[in-house]
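Asks: From just these sequences and the hints, can you work out the full model?
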Amino acid sequence: MAAENPNFQNTDPPTVLVHRFPTFDFPPGNRLSTHFHLLDPITSPPTSPVLLHSIRALLCVGPVPVTPETLNRLPSLQIIVGSSAGVDHIDLTECRRRNIAVTNAGSAFSEDAADYAVALLFGVLRRLPAGDRYVRDGFWPVNGDFPLGFKLGAKRVGILGLGSIGSEVAKRLAAFGCSIAYFSRKKKTSVLFPYYENAIDLAANSDILIVCCALNDETRHIVNKDVMVALGKEGVIINVGRGPLVDEKQLVEFLVRGELGGAGLDVFENEPNVPKELLERDNVVLSPHCSVATPESFEALQDVIIANLKAFFSNKPLLSPVQKD
Amino acid sequence: MNHQPTPQTGKEKNPNLKKISGITMESIGVLMTCPMHKYLEQQLETHFNLFRLWHCNSSITEFLKTHQGNTIRAVVGDTNIGADAELIASFPNLEIVASYSVGLDKIDLRKCEEKGIRVANTPDVLTDDVADLAIGLILGVLRRICASDEYVRIGKWKDADFGLATKFSGKSVGIVGLGRIGTAIAKRAEAFGCSISYFSRSQKPFANYKFYSNIIDLATSCQILIVACALTEETHHIIDREVIDALGPKGILINIGRGAHVDETELVSALLEGRLGGAGLDVYENEPEVPEELLGLGNVVLQPHVGSDTVETSDAMADLVISNLMAHFSNKPLLTPVI
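Chains B and P are the protein sequences, given in the same order. Positions in the first sequence are counted from 1; adding 679 to them yields the working numbering. Positions in the second sequence are counted from 1; adding 365 to them yields the working numbering.
Careful, some of the hints might be misleading.
[Said to hold, decoys possible] Here are the computed lysine to any residue pairs in the SDA-like style, where the Cα-Cα straight-line distance is at most 20 Å: (1) P:Lys552 to B:Ala853; (2) P:Lys521 to B:Glu948; (3) B:Lys912 to P:Glu677; (4) P:Lys521 to B:Thr702; (5) P:Lys552 to B:Gly832; (6) B:Lys834 to P:Ala681; (7) B:Lys955 to P:Phe527; (8) B:Lys850 to P:Lys536; (9) B:Lys989 to B:Pro692; (10) P:Lys521 to B:Asn952; (11) B:Lys955 to P:Ala525; (12) P:Lys523 to B:Thr702; (13) B:Lys834 to P:Lys552; (14) P:Lys536 to B:Ser786; (15) P:Lys471 to P:Pro702.
[As the list claims (entries may be wrong)] Calculated Cβ distances over 12 Å to all of chain B for the following chain P residues: (16) Phe416; (17) Ser424; (18) Lys476; (19) Gly481; (20) Arg483; (21) Ser578; (22) Glu599; (23) Ile603; (24) Arg606; (25) Pro614; (26) Ser634; (27) Phe694.
Because the hints were derived from the structure by calculation, they are not lab data. Note that the Cβ used here is the ideal one computed from N, Cα and C, for glycine as well.
Replies: The structure is reproduced here in structure tokens:
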């Protein structure tokens, strides 16, 4: 029926250039290619550089950097659609200068990332991976009761970055009887949780610090030595944001010296390398940057990407633009 | 008159103790059945004449060879060793069993009632921890945090990505037994946007959750099934083959109740045959033995019965045991009486 309608002429789907590491791709069967003509230089190198000159939309898959050199090859570029919540791999200053819009994963990952922060916290306080190893390695019948863990309820949780992930973390942990406070660039007028004006004050008034803010020049190493001292020797740090938000060298030293209670880390400064001092410790829980690696998150991400690209190609407001201030 | 404050001796955390200070109980014989919590042991030693059954090979016969049975007026047990008929018969002056647990399945309640022996447990204090662990096990199974921790520790991340896990938020959760612990689990799962339904002997008028009068129907309708009921003759093996099959190959079973709630042989074969999606277990039928077949499975999370094993809760439970004993021996009402 639609084909007979002259207004619904079958035009070619708009072209989107894919920008990715060779090792990093969307799984097959994704829905993007039914809406757009995806041009992937890794699987099919473009036959002429002229084609790149006409590209208006770039789909940036995963953490692949977008540098001024990337942008120089794409003079017609108007939008970069990112596939992650954090877009620290994209040169936002340069994009702003060239008037290129940038979108991120919006809230597609928020629930999974928040769930994962809670999972890591349980992992540390209730020592789930250590308990699992204890059973699997046959220590239970030999050594008897497993050492006690720590209670989650009534703990003071400080959230660094009360964006969409941080808000979901707060909602979950409040149900466990934790008290919530936060630090963000700005105090949120719609939020009743106590606000602290800097990370040190937040840490000084928290038992648990959950790191889920965006990585930028201001937040690099926001969890530094002073914050760790303020958190104290029974304090726990959970990082589901980005590795460089935490001064990893200091973190390792604090843990080794027993000046922090524990840590749950999904991200590291030099992934996939993890400080070897952490590998033998039972008061840390480690995971390979997978806080949002679920099929459900991936489905939601595709919805966000498709919505942003469709909005762009039809001159409508973008769904999840990144503020470039 | 000397008004200097009395120096505090030891770790006096329990506010109830102050109310009954002045009464000497150091001569009262209290038998602890097995090692439980160091702080409890210290408190018992401070306030009573403490005997340790494990110093006599955990054998009452052995204990009676070197001790007078009539010295024991109170027994402190737990879910490993409680107070069975033999123990109760061995101590003619036994007045109270104060269990360092919420579960009473290792106490012969009928015998206690017959002989007029009081029984107290430690309800409520451990509710939050057990409910927390239920959620922790769900996240452990769905988000594979134990497997991912292992993956990083053994250096596999450098070779390949870990792969996908399963989202928890928004899943449907079915709870078997909506008592204190079941209700606490429901409240927590709601914060993850989960829909909650439950099975219990009778519908709870206060609960806003969907009630099933049949456990098979509950298992069919939910993705995550949590066992949180008391262990009784009726609930022994309440999770049988039929329930497991109703839960299905994408379903997850969580047991924070008692091992005997689940037909473990059926659970193992369902997991091995892929008829069940995964399991998070804190309890087993023959603890501390865990079926060997489970030890190599990636879709299970295994914990060594740590339901309420946190420092904070263990201290609170110990305080409650002491308070119940103190109350009993100063003729005051028990704080948490069972009988």
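Asks: Measuring Cβ to Cβ, find out whether Pro614 of chain P lies farther than 12 Å from everything in chain B.
Replies: Nearest chain B Cβ is 16 Å from Pro614 of chain P, so the label holds.
Asks: So Phe694 of chain P supposedly isn't at the interface. Is its beta-carbon more than 12 Å from every beta-carbon in chain B?
Replies: holds, 28 Å
Asks: Is the straight-line distance between the alpha-carbon of Lys955 of chain B and that of Phe527 of chain P 20 Å or less?
Replies: holds, 19 Å
Asks: Taking C-beta pairs only, is Gly481 of chain P more than 12 Å away from all of chain B?
Replies: holds, 33 Å
Asks: Measure nothing beyond the straight line between the CA atoms of Lys834 of chain B and Ala681 of chain P; if it is 20 Å or shorter, mark the hint as holding.
Replies: holds, 16 Å
Asks: If you draw a straight line from the CA of Lys536 of chain P to the CA of Ser786 of chain B, is it 20 Å or shorter?
Replies: Satisfied, since the Cα-Cα distance of roughly 18 Å is no more than 20 Å.
Asks: Need the status of pair Lys552 of chain P, Gly832 of chain B: alpha-carbon distance at most 20 Å?
Replies: holds, 13 Å
Asks: With d taken as the least Cβ-Cβ distance between Ser578 of chain P and chain B, does d exceed 12 Å?
Replies: Non-interface label stands for Ser578 of chain P: nearest chain B Cβ at 28 Å, farther than 12 Å.
Asks: So is Ser634 of chain P really clear of chain B, every C-beta pair being over 12 Å apart?
Replies: holds, 20 Å
Asks: Would you check the hint for Lys955 of chain B and Ala525 of chain P, treating anything up to 20 Å between C-alpha atoms as holding?
Replies: Judged against 20 Å, a Cα distance of about 18 Å means the pair holds.
Asks: Is Lys989 of chain B close enough to Pro692 of chain B, meaning Cα to Cα at most 20 Å?
Replies: Distance of about 10 Å is within 20 Å: holds.
Asks: Would the non-interface assignment of Glu599 of chain P survive a Cβ cutoff of 12 Å against chain B?
Replies: Correct as stated: the minimum Cβ-Cβ distance to chain B is 29 Å, above 12 Å.
Of the numbered hints stated above, none is contradicted by the structure.
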